[in-house]
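*Asks:* Protein chains in written order, with our numbering: chain A, 1 to 168; chain B, 1001 to 1168.
Hints are computed from structural coordinates only; laboratory data are not their basis. There could be a bad hint or two in this list.
Stated by the list, open to error - If you want the ones that stay clear, here's a sample from chain B, every Cβ over 10 Å from chain A, calculated:
id, residue
1, Gln1003
2, Lys1006
3, Glu1026
4, Glu1027
5, Pro1052
6, Arg1054
7, Lys1062
8, Gln1074
9, Lys1077
10, Thr1102
11, Lys1107
To be verified - Covered by chain B, according to a simulated footprint, are these stretches of chain A (three or more residues, beta-carbon under 8 Å):
id, region
12, 71-82
13, 157-165
As the list claims (entries may be wrong) - Estimated spans, in silico, between C-beta atoms of each pair:
id, chain 1, residue 1, chain 2, residue 2, range
14, A, Arg157, B, Thr1024, 32 to 38 Å
15, B, Asn1042, A, Lys62, 24 to 30 Å
16, A, Ala76, B, Gln1074, 29 to 35 Å
17, B, Lys1107, A, Pro52, 33 to 39 Å
18, A, Asn42, B, Glu1094, 52 to 58 Å
19, A, Asn23, B, Gly1159, 34 to 40 Å
20, A, Gln104, B, Lys1121, 38 to 44 Å
21, B, Tyr1090, A, Glu112, 46 to 52 Å
22, B, Lys1088, A, Glu112, 33 to 39 Å
Built from N, CA and C at the ideal position, the CB exists for glycine as well.
Protein chains: 2
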Amino acid sequence: MKQSWKPGTTIYPLPAVLVSCGNTPEEYNLITVSWVGTLCTNPPMCYISVRPERHSYEILRKNMEFVINLTTVQMAKATDWCGVSSGKNYNKFEKTGLTPKTAQIVKAPYVEESPLCIECKVREREQSQRIRFRIEAGIIRFFYRKIQFQKTLYTTRSGHASVPYPAI
Amino acid sequence: MKQSWKPGTTIYPLPAVLVSCGNTPEEYNLITVSWVGTLCTNPPMCYISVRPERHSYEILRKNMEFVINLTTVQMAKATDWCGVSSGKNYNKFEKTGLTPKTAQIVKAPYVEESPLCIECKVREREQSQRIRFRIEAGIIRFFYRKIQFQKTLYTTRSGHASVPYPAI
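All chains, please: the whole structure from these sequences, using the hints.
*Replies:* Take a look at the structure:
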């Protein structure tokens, strides 16, 4: 016997990633995102959903580049905090102690502490009543630390947990 | 020190879901999808990516409705098999022993063995060189079995594993 509920977001688990953006150190910002996923295998395309009210949205809109950083148990506190605080009020790299590093292709920094980082270039933004904030992006490069079975964070209905991310 | 790789699909974990479709028992089909996620919280919107070559694509295109069924350890073999076999050659419900049940709003069946099912109506299809097969859909209803911490399947680079899906 199943119980029926009104429509809601129930597709889980999803990765809890930190999206880093900004062309200059003054502009650098971090935003926690779980509305993230793969759209296409070849060419490799992904999406993130970021509400226009978020501080990062304007930075993403202007620069059309960002990095997706997978997160770990060690980064859990910072990942949570970056999801509830605004870059309008804080320098999130300074506050969390996470380290911005210069990426290879995009101007947005990557997070040094992340085990796997994905450089992305925005191909399309959709902003409508139906989808308020979807951003489609091409995956142009990724790089990782070669640690066997690093545990990365995911999101579920009740918070974060971690699962092994197998060696590549 | 990080290693650099060419672009690829590296955002994990993602749920391994069975998408059920078809307006009539003769048309019913199942397809395993991990390119699935949430696009928007309010209104609740999700996406699935299905290549036009897949048997389910034409059924989805015609009917514009489907059900996302989360999967469990008990359904792992069926979930794997439905990802590598075609509905052109098999009645997948018969072959897997999974049970199609009449949904409440859409004509597509849901999978009785799934712990959580999400009825969806297609709002937009994108088919282009860049994104070959994205389908955006509104989540119109979900229903579930009230089992504490049922374990649902997810996909990673090296296969399937399972994590607890907390009680709703």
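*Asks:* Now tell me, hint by hint, if it's right for this structure.
*Replies:* Hint check results:
1. Gln1003: About 6 Å separates B/Gln1003 from the closest Cβ of chain A, which leaves it inside 10 Å; violated.
2. Lys1006: Violated, because the least Cβ-Cβ distance between B/Lys1006 and chain A comes to about 7 Å, which does not exceed 10 Å.
3. Glu1026: About 25 Å separates B/Glu1026 from the closest Cβ of chain A, which puts it past 10 Å; holds.
4. Glu1027: holds (23 Å)
5. Pro1052: Correct as stated: the minimum Cβ-Cβ distance to chain A is 12 Å, above 10 Å.
6. Arg1054: holds (13 Å)
7. Lys1062: Given a closest Cβ separation of 22 Å, the condition holds.
8. Gln1074: Per Cβ check, B/Gln1074 is outside 10 Å of chain A; nearest 16 Å; holds.
9. Lys1077: holds (21 Å)
10. Thr1102: Its Cβ never comes within 10 Å of chain A, the nearest being 12 Å, so this holds.
11. Lys1107: Per Cβ check, B/Lys1107 is outside 10 Å of chain A; nearest 17 Å; holds.
12. 71-82: violated (count 0)
13. 157-165: holds (count 6)
14. A/Arg157 <-> B/Thr1024: 32 to 38 Å: holds (34 Å)
15. B/Asn1042 <-> A/Lys62: 24 to 30 Å: Given about 26 Å between the Cβ atoms, the range holds.
16. A/Ala76 <-> B/Gln1074: 29 to 35 Å: holds (30 Å)
17. B/Lys1107 <-> A/Pro52: 33 to 39 Å: The hint (33 to 39 Å, Cβ to Cβ) holds, given that B/Lys1107 and A/Pro52 are roughly 36 Å apart.
18. A/Asn42 <-> B/Glu1094: 52 to 58 Å: violated (32 Å)
19. A/Asn23 <-> B/Gly1159: 34 to 40 Å: Between A/Asn23 and B/Gly1159, where Cβ atoms are some 39 Å apart, the hint holds.
20. A/Gln104 <-> B/Lys1121: 38 to 44 Å: holds (42 Å)
21. B/Tyr1090 <-> A/Glu112: 46 to 52 Å: Holds: the Cβ-Cβ distance is about 49 Å, inside 46 to 52 Å.
22. B/Lys1088 <-> A/Glu112: 33 to 39 Å: Distance hint for B/Lys1088, A/Glu112 is violated at roughly 49 Å.
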